[in-house]
Each structure stands twice: as structure tokens, then as C-alpha cells.
Amino acid sequence: MQLDTTRPAQEAMLSVRGLKKVYQTDGGDIEAVRNLTFDLRAGELACLVGPSGSGKTTLLKCISGLMAPTEGEVLLDGKRVSGPPKKMAVVFQEYGRSLFPWMRVRENVELPLKNQGVPKAERDRLVDEALEAVGLSHVPRSYPWQLSGGMQQRVAIARAIAYQPEVLLMDEPFAAVDAQTRADLEDLIRVVWKKLGVTVLFVTHDIDESIYLGERVIMLSSSPTVVQEDIVIDLPDDRDQLNTRALPRFTELRHHVYEQIQLAKKGHRPAAAGSRSAGRPDVA
Amino acid sequence: MKALATLGYVLALPVLLVLLWWALTLGAVNFFVPTPGTLVGKFGEVWFGPRFFSDVLPSIGRLLVGVAAAIVIGVVGGVLIGSVRWLRALLEPVLEFFRAIPPPVLVPVLILLMGITDSMKVAVIISGCVWPVLLNTIEGVRAVDGVLSDSAHTYGINGWARIRYLVLPSASPQIMAGVRQSMSLGLILMVISEMFASSSGLGFTIVQFQRSFAIPEMWSGIVVLGLLGVGLSFIFQWAERNILRWYHGQKEVENAA
Chain X
1 MQLDTTRPAQ EAMLSVRGLK KVYQTDGGDI EAVRNLTFDL RAGELACLVG
51 PSGSGKTTLL KCISGLMAPT EGEVLLDGKR VSGPPKKMAV VFQEYGRSLF
101 PWMRVRENVE LPLKNQGVPK AERDRLVDEA LEAVGLSHVP RSYPWQLSGG
151 MQQRVAIARA IAYQPEVLLM DEPFAAVDAQ TRADLEDLIR VVWKKLGVTV
201 LFVTHDIDES IYLGERVIML SSSPTVVQED IVIDLPDDRD QLNTRALPRF
251 TELRHHVYEQ IQLAKKGHRP AAAGSRSAGR PDVA
Chain W
285 MKALATLGYV LALPVLLVLL WWALTLGAVN FFVPTPGTLV GKFGEVWFGP
335 RFFSDVLPSI GRLLVGVAAA IVIGVVGGVL IGSVRWLRAL LEPVLEFFRA
385 IPPPVLVPVL ILLMGITDSM KVAVIISGCV WPVLLNTIEG VRAVDGVLSD
435 SAHTYGINGW ARIRYLVLPS ASPQIMAGVR QSMSLGLILM VISEMFASSS
485 GLGFTIVQFQ RSFAIPEMWS GIVVLGLLGV GLSFIFQWAE RNILRWYHGQ
535 KEVENAA
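Protein sequences, first through last, are from chains X and W. Residue numbering for the first sequence follows my numbering, beginning at 1 and increasing consecutively. Residue numbering for the second sequence follows my numbering, beginning at 285 and increasing consecutively.
Derived from the structure by calculation, the hints contain no laboratory data. Since the model is a prediction, treat every value here as computed from it, not as a measurement.
On the chain W side, residues computed to face chain X include the following (Cβ under 8 angstroms): (1) V431; (2) T438; (3) A445; (4) Y449; (5) P453; (6) Q534.
No residue lacks a Cβ here, since even glycine has one placed at the ideal position from N, Cα and C.
Next comes chain X alone, as it looks inside the complex (with noise of 0.2 angstroms):
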């Protein structure tokens, strides 16, 4: 069975061709990224996993138009992404330094509306709306700073969906918050994804969230970055913190995901570096 990771450009979302990052530092040349090329189609949710130190962050920076890529391009919808794009929402690990201090909850969710000039009743019925997605209608007055961690990432959720983008991008956003929020947070995305049908990529160095989340894992090599692998997660798509991870084939692709890992630590890199590899895993 083999996994086709490059569509057609109508098909494909977002296209990340070719990219290089390379940091020219006083010390030297930092080459952060070496050659990306992988395709995300409408509505799939794929996780992003590499070791640290791999250039997730990097690379989500390109993508969402923050940095320039030294060479290569990304496609949005088929246009090439020079600056954050409107249809992009992002969400950064850092919660309590994203949202707005100065404004409350609601506020910081209307922000990014306002700002486009979206009329106010359109407005506070897509407030509305995402508050109720995440569950915080009950905060809506409150100041980010008044609310624990696993809130403050609800609100940036919130914030990103009543954007209502085409592609949500997530920079392990649940790195800093408890385990148990964090499953909640978790199933939250599910759910918001399979409402909202927008494609997410969400990049994260747990092994274990990549799968239970991801309808498909691509696994970066360690620095100078390539595509290690990139599998499609064969779980059921209703999913349950209890359930789906206790299934024998979510600990086969977890071992699978982890030996890969461990390979790219060791830097041992796919045999065609940089072109997209072949699918799904000999397990089992």
C-alpha cells in the first residue's frame, strides 16, 4: 500500500516544495532545514514529529509566512504564501505570551475580526461561537492572565477558529500545559476539526499525541531537515483516550513512530533524502 503524498496542485492545500531554511549567524551558516517537500490535502489533519532540535518551528515559520524560506516555496491553495496569509490561523505553544494581556477574553478572540472589518453582529455570533466550541462561555469578561494554562490555550483555539482560516497551523501547542487538560485539549481538536472541516497541521515532538490525533504522521530526520517518514495513521476515526490508545495498532504505530525517531536522533536519514518516502510501515 502505497501512501501518495504528492496531489495535483488544486488538490492539495497546502504544498510545502523543496524548502531550505538556512540562518546566516556571525558564527556561520545554520542550515535549520535542508529540503522539505510534502502535501497536505483539504481537510486532513497530519502531525508534524522530529526530534527537538529538528526545525518544526522553522519550518511553521515558513509556512505561515512569517520567514522567508532561503529556497523552495509554499502553496496555499495554490498560491505561493510571501507573507501570513489570510486564509492561516496559528497557534503557538506559548499561550500566555499570544494573547493580548490588555484585553479581555472576548476581545482578544474579536481582535483578529475587528481588525478585518467583519460587521459586529457577524462578529459576536462567531465570538459567540468559539467560545461555546472551546468551552469558555462562561469567561468571556475575564483577562487571559486570570485563567489557568489549559484556558489561556483554549482562548488562542478560540481566537483561530472564529478566524475561521482554511488551515490552522499548531506549534506543539499543548507542550506546556498538565497531562490531563491535555487530553482534553486533545479531543477538543478532534472535534473542532471534524466541525469545522479545516486542515490542520499540527507539529508536536509527543509521539504518543501525533498518532492519537493524526489521520497521518510525518516524521522529520534531525538537523539539516529532510522527511524521514510519512505514514498515514490507520485508527478508527472515533477516537478515545482510553480506548484507541489501549488498541494493539496504536501501539504498533507508536513503536513504529519511535524507532523512527531514535533512527533520525542517530542521523540516519531516509535513502533518497528529501524526496518524499514510501508510506505506510512494515509492522506487524
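Once you've looked at the hints, dock chain W against the given chain X.
For chain W alone, coordinates are given in the frame of chain X:
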């Protein structure tokens, strides 16, 4: 009850100081040190009358106009210089030079250039008050959090919206610290601007009393300056509490954690 306690704390030391002053001047007849009684008498006599309108109000007016203009210039200039890298590189050495010039030495020059006018006095106040606001704003603008800035950028918050919703609120704690310094500096410069070749104002009146050996009157003028400072400080604190409510709240949460 709590308000009463606060009032007690506010008034305790002033009352004690006045009592001490009263006790120490009880038997004394020093020409240069009036008793509290004399001073209070003179205070009412001198300041609650035509002088209030001819000297006190114009002085306060110039002070407020000068400080307000300095805040506007400082914030606008600070946002510009703080946001534009090449502008900062170009201006920073020059700013250091101008900042180092004590504003009082400018008074004679400004008199020559602008005449003995209200504008000259306001210009003196601005020339000194603009620096704390300007330099603090530059620092505040430069220190905008990277993640917050990225967030705003990804949501298309750019240009004026970025300044309004991100840069200004983010720099507001530093800006307010600059404003606080400017206000006390403004009071000093208000007096100095009126000491040279002036014909009205608080500073002028106090110097006038000194030269005519009207010592209790002179002291009463100094008390007016002190009270003015206290008044300004209260207004500032009230404004700061409202503008930086989020900042103090956040600090409190961080400290509790």
C-alpha cells in the same frame, strides 16, 4: 473603615511634621522661619485672591500644556524611532546629545528666539519633559514580545492597527514610567521658566517675595508648589491605575505563582 485607615496613613506624617515645626518655632523669632500660624494666615491672604487667577492658574496651564505636548511628542516620536531600525541608528547618538543639555540653559536662548511669551515657557517645559517619555517609549516599543508580535502578524494586524492594539498597550508600562518622571520635571521647569525676565506666574511671584524679604509669603509660595506636586501625583496615580489595570493584575498573578 478601610478608607479611614488609608486616610490615617496619608495624614499621619504631615500632621506630625507640622506639630514638630510648631513646637520648634514656639519660642523662636527667626526672621526666615515663620510659625505654622503665620504661614497659614499668609497663605490664605496671598493665594486666595486675584493672584490665584493672575499667577497660579496661568502657571498650571502652561505646565499642563507643556507636559501634555511633551507626552504626545515623546510617544509619537518614540513609536517611530522604536519601530524603524534605521531611524533609531540615525538618531540615537543625537538624542543622547540633546538629552544631556540641561533645559534651564536654554531659557535665555529661547527668550531671544521666542520672546518672553507663554510659548517660550511651554517650550522650556517641553524641552525637558520630552526625554523621559521619548526614551522610555523607544525602549517599550522595542521590547514588544516576539510571540505576541508573531500572533498579531499571522492575524493580519499590521500598520496602524498593530500600533493601536499591540505596540502602544505593550509599551504603556514604560510610557507611564516616563510620564511620571516628566511630571515632576515639568513642575521644576515651570518655576525656572518663570524666574527669568517674567512678569507673572508662581515662579516669578516666589522670586519677587524673596527679593522683597516677604519671607512668610515666599514660604507660602513654596507650599503651593508642593501641594501642586501632590495634586499632580494623585491625578497621575489615578490615571495609571486605570490604564495599567491589566499590567498590575498580571504582575500580581505572576508574583503569587
